[in-house]
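Protein chains in written order, with this note's numbering: chain A, 4 to 319; chain B, 4 to 319.
Check the hints yourself; a few may be wrong.
Identical copies go unnamed one by one, so any copy, or any two together, can satisfy a pair.
Here are the computed lysine-lysine pairs in the DSS-like style, where the Cα-Cα straight-line distance is at most 27 Å [as the list claims (entries may be wrong)]:
#1 Lys190 x Lys234
#2 Lys105 x Lys177
#3 Lys134 x Lys105
#4 Lys234 x Lys177
In short, the hints are calculated from the structure, not lab data. Note that the structure is a prediction, hence the values are computed from the model and not measured.
Number of protein chains: 2
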Amino acid sequence: MKKLAVVALGGNALLRGNQLGTIEEQEQNTKDTLENLVYLVKEGYDLIITHGNGPQVGNILMRNDAGEEMYKIAQMPLDVCVADSQGGIGYMLERILRNVLKENDIQKEVVTLVTPVLVDINDPAFKNPTKRVGKSYNKEQADILANTKGWIFKEEVKDTGSGWRRVVPSPKPKSVMNADVIDMLAKQGNIVIAVGGGGVPVYYDENHDLRPAEAVIDKDSASAVLGATIKADEFYILTDVPFVFINYKKENEQKLEKLTIKQAEEYMKQGMFGEGNMSPKIQSCINFVNNGGKMAVITEATKLKDKSFGTKLVND
Amino acid sequence: MKKLAVVALGGNALLRGNQLGTIEEQEQNTKDTLENLVYLVKEGYDLIITHGNGPQVGNILMRNDAGEEMYKIAQMPLDVCVADSQGGIGYMLERILRNVLKENDIQKEVVTLVTPVLVDINDPAFKNPTKRVGKSYNKEQADILANTKGWIFKEEVKDTGSGWRRVVPSPKPKSVMNADVIDMLAKQGNIVIAVGGGGVPVYYDENHDLRPAEAVIDKDSASAVLGATIKADEFYILTDVPFVFINYKKENEQKLEKLTIKQAEEYMKQGMFGEGNMSPKIQSCINFVNNGGKMAVITEATKLKDKSFGTKLVND
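The following block holds chain A by itself, in its conformation from the complex:
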């Protein structure tokens, strides 16, 4: 049996913070990342690629705002914007991956799925929206949007002044829709691209009707749920550091190479990882391994060819 891996690409694998976000930049970043990913294919893994969408859906939301402002085009809700980003990013990944595979003489099909992900509308996150999305407004604009669209805003104070940004909930993913189709396609040898941006958040209402949730889902968290559901062997989170560190950038900084779930949970309790960034990644890795995964790895894409790199979380 071949090993099955779920690989989650971070936003910066596609679009970096200091870049303008042109299509040329995005295509080059994507190519660089996928050329590294090919090492896993060469080692014989069946592969599912998931990806973030932060900068892209941010741009889509800004364009929605501008389109309404300039041309009175009806804005699409957040769920449709996330789905748009799954289409655009997924297609770009698929097209470039097909070229990278060809350059490496690998005969494999690539299939991209639009992926809804189920959340629970009673998730406490819906009472406490924290995830900032879209553009920064002044108080007056924010008040109008709060009244007309029911958006919730939080103030953001920066060196450049203060602004009000829409906040949306980030509920926990309960299950990935079509996980069995994703699994089957991957095991047939196709490389599957799915769960883009953490999935389009949807929930079942009291009548068991499927409704859109105006929310965003953490992509590592949704990818870990997928990995556990389909009993993937390994789960990779590709980010912008080669290893996870504790006491990062302090005198007693320590690089972590191998980490048991017990150790990871202990460090989490002690708050040893960056709150907004590394901590949810570690939690996703813990969830994956606790639910039957063999190994979770956090590293940079460029380190995939070197098996000695990366922080590896295992059961013991």
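Chain B: place on chain A using the hints.
Just chain B now, with coordinates in the frame of chain A:
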């Protein structure tokens, strides 16, 4: 063996010309259409749904323009905009179809694929772009965009004045990527949503690298290619008339109920169908049946439950 049908939803099945394009309108139109489509599922067909994206990708292009103008956000090229629309529309179709199936007590999964469609870069359409996309510019703006982005413009004269609109090629679809995956998923009993907007147009360059084509593909044409490739039994084009007519709205108007390929080709030669609208639909039906399909049907979604409705093209 169950019968396999490819059903192409026209733009107006999702968003009508006289509407604003709000999400509420799109969802209601989609629900109305899908409730009719269920009749085919109840008759036991395996089903692949394809769809147009005209109004939606038009809005995405306008928003791209507005986002660059207002916020200096880099515009995405046409291929990415088409892929965005596949994500957004495909997700909306999938979510609402799941609800419609549930209401009808039908247990079926729905799977939505992002679909690139191969075109030939030597297609004569690339030398003669005809398809108008995006907003209307004045001459000065159009000249700047022609210089900076290489876009081609054509003047459009209307009652409201003249304007310059970008024109892009509409090349013939050569093949639908992942047609075998679409086929397999449908025959397993999943309802598959694919080939949105006629597919994201891509081509192989001289190095056999897969490149994006700044073009749009006719959705009926691409759907017919898919249908023929996977040897679907039937092909439905759902549009805004219950039957095809010759001499439409003239004294000698004639409703067509059954049409052989020979008759259809004869009428085509005589220019009996609307050039921009019905003629390419008939051609797609001819192509489907000529390549092995049993029957192609042009009708309204609301007529699907009544087998006596619709214009049926058959071999003889």
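Hints versus structure:
1. Lys190 x Lys234: both (12 Å within a copy, 25 Å between copies)
2. Lys105 x Lys177: Intra 37 Å, inter 20 Å, cutoff 27 Å: inter-copy only.
3. Lys134 x Lys105: neither (39 Å within a copy, 32 Å between copies)
4. Lys234 x Lys177: Intra 16 Å, inter 38 Å, cutoff 27 Å: intra-copy only.
In terms of the numbered hints stated before, the structure departs from hint 3 and from no other.
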